[in-house]
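Chains as they are written, first to last, in this note's numbering: chain A, 1 to 534; chain B, 1 to 352.
Misleading hints may appear alongside valid ones.
Computed beta-carbon distance windows for the label pairs [claimed, not checked]: (1) A:D417 / B:D242: 34 to 40 Å; (2) A:R428 / B:G194: 45 to 51 Å; (3) B:L104 / A:R428: 44 to 50 Å.
Not the full set, but computed from the structure, chain B residues with beta-carbon under 8 Å of chain A [to be verified]: (4) Y156; (5) I210; (6) A214; (7) R217; (8) K219; (9) I222; (10) S229; (11) N230; (12) A236; (13) I237; (14) G238; (15) R296.
No lab work stands behind these hints: they were computed from the structure. Where is the CB? At the ideal position from N, CA and C, for every residue including glycine.
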Amino acid sequence: MTGKTVLEMRGITKDYSGNRVLKNVSFAVEEGEIHSLIGENGAGKSTLMNILFGMPVIHESGGFKGEVILDGRAVSISTPKEAMNLGIGMVHQEFVLLPGFNVLENVKLNRESTKPNPISRIFWGFGKTGKKLETLDYPTMKRDVRAALSSLSTSIDEMTPVRDLPVGHMQFVEIARELDKSKVRLLVLDEPTAVLTESEAETLLAAMRGLAAKGIAILFISHRLGEVASVSEHVTVMRDGEVAGRLTRGELDAGSMAEMMVGRRLAASERPARREAAADVILKVENLSVRMPGENVSDVSLEVRRGEILGIAGLAGQGKLGIANGVMGLYPAQGSVRKDGRPVPLNDAASAMAARMALVSEDRRGLGLLLDQSVEDNVTVRAMQAQGGFLRSFMGFSFADSAAIRAHTKKMIEALDIRCTGPAQRVRRLSGGNQQKVCIAGALTLSPDLLFVSEPTRGIDIGARELVLELLRRLNFERGVTVVVTSSELAELRSTCDRIVVVYRGQVQGIVPWDVSNVELGLLMAGEKKKEAA
Amino acid sequence: MDIPDGEKGFFTRTLRDFGMARSIIVCFLAFLLIQAFFLGLPMDQLLSSMLTRFGMNGILALAMIPTIQAGMGPNFALPLGIVCGLLGGTMAIEAGLRGWPSFLLALSLAVLLGGVAGWLYALLLNRIKGQEMTVGTYCGFSVVSLMCIFWTLAPYSEPEMIWAYGGTGLRNTISLAGWYEKILDNLWRVEVHGVVIPTGTLLCFLLACILMKAFLRSKTGIAMTAVGSNPRFAHAIGLRIDRYRTVASILSNALAAAGMLVYAQSFGFLQLYQAPLFMAFFAVASVLIGGASMNRITVANVLIGNFLFQSVLVVSMPVANLVFSDNMSEILRIVISNGIILYALTRKEARA
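Let the sequences and hints guide you as you build the complete structure.
This is the structure:
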């Protein structure tokens with residue numbers, strides 16, 4: 001550590017179509033330090049990194065306010081390539097590797113060292129053609145790759161195909177590629193340990209310390225607070241697009257970080273009155289495993305009480321979304337699910353619906369709506385196909401009962417306050433909040449007594465969020481529908497639910513009452529603590 | 001065409017609602033009709049042909065609806081259904097029946113065979129989701145070639161169908177005169193100022209349209225549409241995707257088989273061997289001109305498109321032959337049909 005600032009981002013503010021996602025964010029990274037950036041999903045970390053890398057999505061959505069200062073000079077980075085040329089390296093969460101190529105080829109691809117040969121000399125005069133026909137200079141490349149790998153203190157053989165490497169080593173190949181790009185000053189690691197086992201992560205952290213000691217500044221993004229505490233010099237905590245706090249080595253403990261991350265303690269007055277849930281169990285899930293890409297569930301058991309609103313919390317990728325999808329038969333699942341004491345067959349959406357359960361999917365546009373069809377079709381198609389509702393028989397054939405459909409949809413539009421030009425409007429033209437209400441209306445038309453709602457406010461503007469949540473509370477209160485809300489937004493779980501289940505690595509990490517402390521919730525979500533209670 | 005709502009003037013909005021392709025074709029048709037008039041072509045005959053071709057090709061175009069609605073794209077394997085129609089048609093003649101009994105037997109056999117072919121074809125399609133159009137095209141081509149062997153080897157014996165010199169093997173073109181030629185065209189046929197209205201054929205097409213419209217609002221039809229517009233949604237509400245794709249394939253090919261016979265009775269001939277090879281393209285092109293896309297279609301698209309496409313062909317033939325040279329119309333037909341398919345495939349909506 002020399003105290004020299006490599007990167008400073010100053011006063012960064014960014015809107016996405018009127019929705020402010022970053023508010024006046026500033027932080028600085030010094031030479032040779034490991035600086036961590038932490039925050040819940042949606043806190044604005046990725047947007048910040050997109051700005052740093054000049055990703056097209058930033059310019060397409062109207063640019064940003066604020067300054068990016070590299071080595072004391074304000075720079076404007078408009079493409080990822082420019083960022084690379086300025087010495088910023090990025091290791092993504094997902095591997096960007098060609099499995100069939102060996103380590104050396106993956107590191108050097110499109111930046112190969114070459115030497116001239118007779119044919120390339122003949123084409124010397126034809127611009128880049130000559131260069132493209134040169135022979136690969138394996139000895140030089142091997143030397144470079146060895147150097148990059150050894151600076152990470154690993155001894156991977158550079159000629160091994162990447163597909164034969166253990167996952168932990170693939171991460172090293174990614175980092176080696178960034179290091180091999182000349183003059184990397186700043187290395188951004190976006191959740192590099194998410195896919196690693198504990199011992200692999202340990203090795204990676206050691207390598208990071210080694211790199212920092214060589215003077216490379218590292219910006220480390222992670223959800224694992226323990227790791228963050230053990231490697232960081234400085235930590236910037238983000239929450240709701242703002243810097244919620246800065247910590248330096250010495251004040252780093254998982255508890256205080258978790259509290260800063262989660263923030264906003266909800267006052268009791270903000271929470272509407274709730275009635276007591278009955279004691280009997282409406283849904284009993286045992287040893288449920290779900291294969292949902294990116295949201296795998298392994299061995300979850302939990303009970304939902306009749307009449308309650310149960311929250312499922314967890315960081316992205318930990319499997320909280322998989323539970324509802326598995327129970328509803330949308331993704332391959334194993335285990336046992338009993339509704340009202342009767343077993344519900346898994347992997348069969350029709351029998352899940354027959355058991356009076358319904359799902360409002362997190363993937364609204366992909367799975368929850370027929371975007372190019374009318375509001376009324378969207379509201380009634382589930383009930384029609386699953387329960388034979390809204391049909392009229394004519395000469396032995398079942399036809400849609402247009403009058404009943406229209407009447408029911410009008411009632412729903414009124415009850416849920418769906419803003420549309422009428423039942424015949426195409427759903428694609430509605431706003432996110434109103435599309436969500438159409439999804440809920442569709443699920444309600446099945447008259448379920450257990451409703452799963454996943455990410456109810458995702459992609460909905462702030463004004464409409466509270467309306468959607470209020471709707472869920474009202475359904476629960478007035479119609480006695482048991483609701484299971486899965487959400488990344490802790491505040492909304494706290495304001496809506498009676499109990500919160502925290503999912504970590506596909507398993508139930510703990511079940512807590514809604515008013516549990518932020519520290520505890522943060523620690524459970526980060527997998528630092530296990531609690532089986534409530 | 002990406003014009004947002006509520007912008008631009010009246011003209012642009014009208015153009016968007018009606019569709020660029022349709023607008024161009026309408027202008028072209030108007031241009032052709034004016035030319036035909038000034039070139040002194042017999043307008044009553046032109047109008048008669050327009051009506052006849054509209055009726056005779058209608059059901060073939062209608063066969064596009066089930067597969068497009070079920071998310072399998074236009075049925076490029078239309079020749080599969082068409083050869084079933086030809087089989088039904090020849091078998092009815094072979095049975096020795098004439099007039100209505102012959103036509104009705106042909107129709108029943110055609111629909112039955114078309115349905116079976118559609119079911120078999122669905123078994124194939126359900127294994128290659130996402131490539132239905134390419135596979136369908138080659139499936140259609142293959143089946144036409146395969147049937148060429150059948151037509152030469154099948155043990156038909158009716159002298160009017162087999163080659164004049166005897167032996168086995170059917171003729172290229174079988175005249176329906178005396179069997180069921182124009183049996184629908186002449187049903188309640190009306191003539192107004194020299195314009196012949198083939199009432200039976202038109203009614204038959206309209207009836208098929210009404211039945212199709214009703215089917216689309218039936219429980220099965222709605223499920224099929226849901227499967228087509230969002231398979232993941234359909235799966236989530238417990239629908240068996242392959243089942244509805246199979247229904248669509250059966251319906252489409254059965255319609256193609258029936259459509260072929262309606263076409264043949266009006267045309268007066270059964271054309272075997274290579275004749276069905278490109279018929280799918282003309283049907284696809286006509287619904288696309290009518291405003292359908294690769295994943296959305298209505299009965300109105302079929303009606304409008306079929307009328308525009310067939311009319312342009314009817315009118316352009318004599319006009320082009322007078323203005324340019326012979327054979328121009330056939331070239332025009334291929335240019336228009338392939339051009340419109342190309343246009344539809346490159347539109348943004350088609351890729352969504």
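Hints and how they fare:
1. A:D417 / B:D242: 34 to 40 Å: With a Cβ separation near 39 Å, D417 (chain A) and D242 (chain B) satisfy 34 to 40 Å, so the hint holds.
2. A:R428 / B:G194: 45 to 51 Å: With Cβ atoms ~49 Å apart, the hint holds.
3. B:L104 / A:R428: 44 to 50 Å: holds, 45 Å
4. Y156: violated, 38 Å
5. I210: This hint is violated: I210 (chain B) lies away from chain A, its Cβ roughly 13 Å from the closest one there, beyond 8 Å.
6. A214: holds, 7 Å
7. R217: holds, 5 Å
8. K219: holds, 4 Å
9. I222: Given a least distance of 6 Å, the restraint on I222 (chain B) holds.
10. S229: With a closest approach of 5 Å, the S229 (chain B) hint holds.
11. N230: Given a least distance of 5 Å, the restraint on N230 (chain B) holds.
12. A236: Constraint on A236 (chain B) satisfied, holds at 5 Å.
13. I237: This hint holds: I237 (chain B) lies near chain A, its Cβ roughly 5 Å from the closest one there, short of 8 Å.
14. G238: With a minimum Cβ separation of about 3 Å from chain A (threshold 8 Å), the hint on G238 (chain B) holds.
15. R296: holds, 7 Å
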